[in-house]
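One letter stands for each residue in the lines below.
Number of protein chains: 2
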Amino acid sequence: MKYGFGVDLGGTTVKMSLFSTDGTLVEKWFIDTDASNGGKNIPGDIARSILADMKKYPFDPDDYIGIGIGVPGQIHKDGSASAVNLGWDHTPLLGELTKITGLRATGGNDANMAALGEYWLGGGKGCSSLVLVTLGTGVGGGIIIDGKCLDGAHGAGGELGHIPIEPDETRQCACGSRGCLEQYASATGNVRIATEMLSATDEPSTLRSVAKLDAKSCWDAAIAGDPLAMRIADVFSDYLGRGLAAVANIVDPEIILLGGGVSHAGDALLTRVRKSFEKYAFPACKKTPIGLATLSNDAGIYGAFRALLV
Amino acid sequence: MKYGFGVDLGGTTVKMSLFSTDGTLVEKWFIDTDASNGGKNIPGDIARSILADMKKYPFDPDDYIGIGIGVPGQIHKDGSASAVNLGWDHTPLLGELTKITGLRATGGNDANMAALGEYWLGGGKGCSSLVLVTLGTGVGGGIIIDGKCLDGAHGAGGELGHIPIEPDETRQCACGSRGCLEQYASATGNVRIATEMLSATDEPSTLRSVAKLDAKSCWDAAIAGDPLAMRIADVFSDYLGRGLAAVANIVDPEIILLGGGVSHAGDALLTRVRKSFEKYAFPACKKTPIGLATLSNDAGIYGAFRALLV
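Residue numbers (the working numbering), protein chains in the order written: chain A, 1 to 310; chain B, 1 to 310.
Don't read these hints as lab results, they were simulated from the structure. All values derive from a computational prediction rather than experimental measurement. All C-beta atoms, glycine included, are put in the ideal place defined by N, C-alpha and C. Take these hints with a grain of salt, some might be off.
Computed cross-link-like contacts, DSS-like style, restricted to lysine-lysine with a CA-CA straight-line distance of at most 25 Å [to be verified]: (1) Lys77(A) <-> Lys77(B); (2) Lys15(B) <-> Lys212(B); (3) Lys148(A) <-> Lys148(B); (4) Lys28(B) <-> Lys77(B); (5) Lys40(A) <-> Lys2(A); (6) Lys287(A) <-> Lys125(A); (7) Lys286(A) <-> Lys77(B); (8) Lys28(A) <-> Lys56(A); (9) Lys77(B) <-> Lys125(A); (10) Lys125(A) <-> Lys125(B); (11) Lys77(A) <-> Lys55(B); (12) Lys148(B) <-> Lys77(A); (13) Lys2(B) <-> Lys56(B); (14) Lys77(A) <-> Lys287(B); (15) Lys148(A) <-> Lys125(B); (16) Lys77(B) <-> Lys15(B); (17) Lys2(B) <-> Lys287(A); (18) Lys77(B) <-> Lys148(A).
Derived list of chain B stretches under chain A, where covered just means 3 residues or more per stretch with a C-beta under 8 Å from a C-beta of chain A [stated by the list, open to error]: (19) 153-165; (20) 251-259; (21) 273-284; (22) 294-303.
Based on the sequences and whatever the hints tell you, model everything.
As structure tokens, then:
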């Protein structure tokens, strides 16, 4: 048995983990993300935390296969990384990790690492290809083909949140375009659809009296049978199903998995999305299974470690 | 030096070829596609034509690496093939070719084979990934990632013509959905856009007096500076650029190539499509080169032979 580290670097917290090569999560811990000085302390902080962890176990350096890391951005071929939210622009990363720990380092975009985790031991276990769509504040995505991440020639592989989906949109997406999937099929988009549909009518709805109108309250009301909330859920799901059909007509994965906060709506979401997907998908892939991601917030560390085994 | 056969099976003609492994097209010939009896004579016809060709050269059987074939449908894992237009449904193909010729046989969807050909020795030579979009009667596509065809889990990889692009469409696409890219960005779609825009106004246009309103006459008029024809070209290109942006935001290829009849419009098309693409593409891939396929109708045989080298 050998061991290795899986790291999921976030904007406020770094999730750290020790895995054994049979897929057992041995240990999990967190350190703060030091965003000061353009994030230049982060690689050293991660490496020293790993070094400290290595001292707790009676293993030789040879017992470790390395460090896998997912970043909220892109890891370049030279081992440096860029991540707007951390202030990183070609910041040395993999080389720094190796210099301090003596271990091999590899990794990639955090959404792609999460997809690799779900492929390995999550909702896509046993499949050779999958698409993971993460429905959070934004819409993220990762694509696995034949067991490998589709990173793309410019690190934009799997940027599913930015598929153009609504030609008539006038508002701008964070990326600068108009009508991106993320403008509708994210938690933020869900609230916007709800706000617009609530203000377009006087129809009574339990949503008018919730303390906070968010994606969860929208789906809770839809599940409880509130008619307007159910129509909001339909509109949200139609956008998402259309986006997933675009993905399926292009990469045709074995399975599509939904993760992130909005996916907690579960069957109420899946049923609607499958209906919309089937409407827009190419005949050969109309029956592609759409399910839920199962590793939740741990998908990133599972995938980051798994990247060491590719 | 070794040799092999590249075959591109079409609905009326089978294009046959002999290649050497350095990429030289040694010989090219055609046989008729015998569509009678559910197309069951086709595999034998192809195999016997290859056998006859082998007798013309003083090579040993060991000098041949095999037969690569592209079909207008799908080749299954068991070597059988399905192709609606030929009446094929899991029709034995690769096994039949091998049984009669003694040569190894492999292959795939014809659009994917064409993409592999363009990747090998065409417009994508030197790239590791590309998307080929064929603008003909319909819109076909093929995707190459790390030198391999993205076939998809259900043979629907690269079905770019059926990306949902226009949510407001009421007319049905041949695939059964509504608002597919092919309904706008094909030669057929081009004529429809032109017909609608011509009938919506009394504005003079040279297009009103052409003998036959087809994609070529539309682009000829746009290139000659006819204002209405130029706007038709803009609308066509906006749809296509939006579809290509969807593809780029998902698979992020190194280059996008346009082929098929409409691509003969050349720079008038490329300039417009690049502008539209840049509007909808994710920042990291806004500058993805969009160029022309260069192997024309031979892309399929190049790719089919190249599939033997994967």
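To see whether the hints hold, each was checked on the structure:
1. Lys77(A) <-> Lys77(B): violated (35 Å)
2. Lys15(B) <-> Lys212(B): violated (30 Å)
3. Lys148(A) <-> Lys148(B): holds (13 Å)
4. Lys28(B) <-> Lys77(B): violated (28 Å)
5. Lys40(A) <-> Lys2(A): Not satisfied, since the Cα-Cα distance of roughly 31 Å exceeds 25 Å.
6. Lys287(A) <-> Lys125(A): It holds: about 18 Å lies between the C-alpha atoms, which stays within 25 Å.
7. Lys286(A) <-> Lys77(B): Cα-Cα ~20 Å, so holds.
8. Lys28(A) <-> Lys56(A): holds (14 Å)
9. Lys77(B) <-> Lys125(A): At roughly 21 Å apart (the allowed maximum being 25 Å), Lys125(A) and Lys77(B) satisfy the hint.
10. Lys125(A) <-> Lys125(B): violated (36 Å)
11. Lys77(A) <-> Lys55(B): Distance ~50 Å between Lys77(A) and Lys55(B) Cα, so the pair is violated.
12. Lys148(B) <-> Lys77(A): holds (21 Å)
13. Lys2(B) <-> Lys56(B): holds (15 Å)
14. Lys77(A) <-> Lys287(B): holds (19 Å)
15. Lys148(A) <-> Lys125(B): holds (23 Å)
16. Lys77(B) <-> Lys15(B): Satisfied, since the Cα-Cα distance of roughly 23 Å is no more than 25 Å.
17. Lys2(B) <-> Lys287(A): violated (43 Å)
18. Lys77(B) <-> Lys148(A): holds (20 Å)
19. 153-165: holds (count 12)
20. 251-259: holds (count 4)
21. 273-284: This one holds; 6 residues, not fewer than the three required, reach chain A with a Cβ under 8 Å.
22. 294-303: violated (count 0)
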